[in-house]
Amino acid sequence: NAGVMQNPRHLVRRRGQEARLRCSPMKGHSHVYWYRQLPEEGLKFMVYLQKENIIDESGMPKERFSAEFPKEGPSILRIQQVVRGDSAAYFCASSPPTGVNEQFFGPGTRLTVL
Amino acid sequence: AQKVTQAQTEISVVEKEDVTLDCVYETRDTTYYLFWYKQPPSGELVFLIRRNSFDEQNEISGRYSWNFQKSTSSFNFTITASQVVDSAVYFCALSDFSSNTGKLIFGQGTTLQVKP
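Sequences listed follow chains S and R, in order.
If you want the working numbering, it's the position in the first sequence, counting the first as 1, plus 29.
Anchor point for the second sequence: position 8 equals 1 in the working numbering, and the numbering is continuous, going up by one each time.
Wrong hints could be hidden among the right ones.
As the list claims (entries may be wrong) - Derived DSS-like pairs: lysine-lysine, alpha-carbon spacing no greater than 27 Å straight-line:
| id | chain 1 | residue 1 | chain 2 | residue 2 |
| --- | --- | --- | --- | --- |
| 1 | S | Lys91 | R | Lys31 |
| 2 | R | Lys63 | S | Lys73 |
| 3 | S | Lys56 | S | Lys80 |
| 4 | R | Lys9 | S | Lys91 |
| 5 | R | Lys9 | S | Lys56 |
| 6 | R | Lys108 | R | Lys31 |
| 7 | R | Lys31 | R | Lys9 |
| 8 | R | Lys9 | R | Lys108 |
| 9 | S | Lys100 | S | Lys80 |
| 10 | R | Lys63 | R | Lys(-4) |
| 11 | S | Lys56 | S | Lys91 |
| 12 | S | Lys56 | S | Lys73 |
| 13 | S | Lys91 | S | Lys73 |
| 14 | R | Lys9 | S | Lys73 |
| 15 | R | Lys63 | R | Lys108 |
No lab work stands behind these hints, which were simulated from the structure alone.
Using the sequences and the hints, build the whole thing.
The following block contains the structure:
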């Protein structure tokens, strides 16, 4: 059973470009969480999604950030018009439908904005 | 408000020493889960333990042990006979039941350096 997969593992963007981060949950998992880790900081919750629904986006910045988890395919975290302050590691975690507390983390995507 | 505090920013020990990483949490929930994760220099997050609020028994796994004390809202982590491979950032986290999402609230992390 493959773990949570994230790609790309490293992403470099110039200011103003768009960044798309992908997360494929573990097989059978229908809940996805995105967390952001700024340099020298702990992880901060961004958004919680179930298939085709955003359940909690209280941690998402109000502008430029969006997330989706379509019926088919991976979850996508999209950052439009990136700025240097978006440079961070973005982690995805998934959990099965029966237990929201068992979160399995992917390896993360490290975004660098030049 | 839910909060996790890891007061120790950095700890440095010499190999074979025992070391305890502190974690203090705040929550209004009566049911909650506490976690420890390890983040080695490679950057991934490695799950170490999950403990629910109804189980105050201490747990031991090899050189690792955890002391959960509800009375002081603490969930401390001890590494016995530390090794260089234990060098990493360690995060304590709390699950948020109040929002019914299970999202995790992380502490700031403790960087452990084990010197040979």
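Hints and how they fare:
{"no.": "1", "hint": "S:Lys91 to R:Lys31", "in the structure": "violated (30 Å)"}
{"no.": "2", "hint": "R:Lys63 to S:Lys73", "in the structure": "holds (24 Å)"}
{"no.": "3", "hint": "S:Lys56 to S:Lys80", "in the structure": "holds (13 Å)"}
{"no.": "4", "hint": "R:Lys9 to S:Lys91", "in the structure": "violated (48 Å)"}
{"no.": "5", "hint": "R:Lys9 to S:Lys56", "in the structure": "violated (40 Å)"}
{"no.": "6", "hint": "R:Lys108 to R:Lys31", "in the structure": "holds (18 Å)"}
{"no.": "7", "hint": "R:Lys31 to R:Lys9", "in the structure": "holds (19 Å)"}
{"no.": "8", "hint": "R:Lys9 to R:Lys108", "in the structure": "holds (9 Å)"}
{"no.": "9", "hint": "S:Lys100 to S:Lys80", "in the structure": "holds (6 Å)"}
{"no.": "10", "hint": "R:Lys63 to R:Lys(-4)", "in the structure": "holds (15 Å)"}
{"no.": "11", "hint": "S:Lys56 to S:Lys91", "in the structure": "violated (31 Å)"}
{"no.": "12", "hint": "S:Lys56 to S:Lys73", "in the structure": "holds (25 Å)"}
{"no.": "13", "hint": "S:Lys91 to S:Lys73", "in the structure": "holds (15 Å)"}
{"no.": "14", "hint": "R:Lys9 to S:Lys73", "in the structure": "violated (33 Å)"}
{"no.": "15", "hint": "R:Lys63 to R:Lys108", "in the structure": "violated (33 Å)"}
Consistency note: the structure conflicts with the earlier hints numbered 1, 4, 5, 11, 14, 15.
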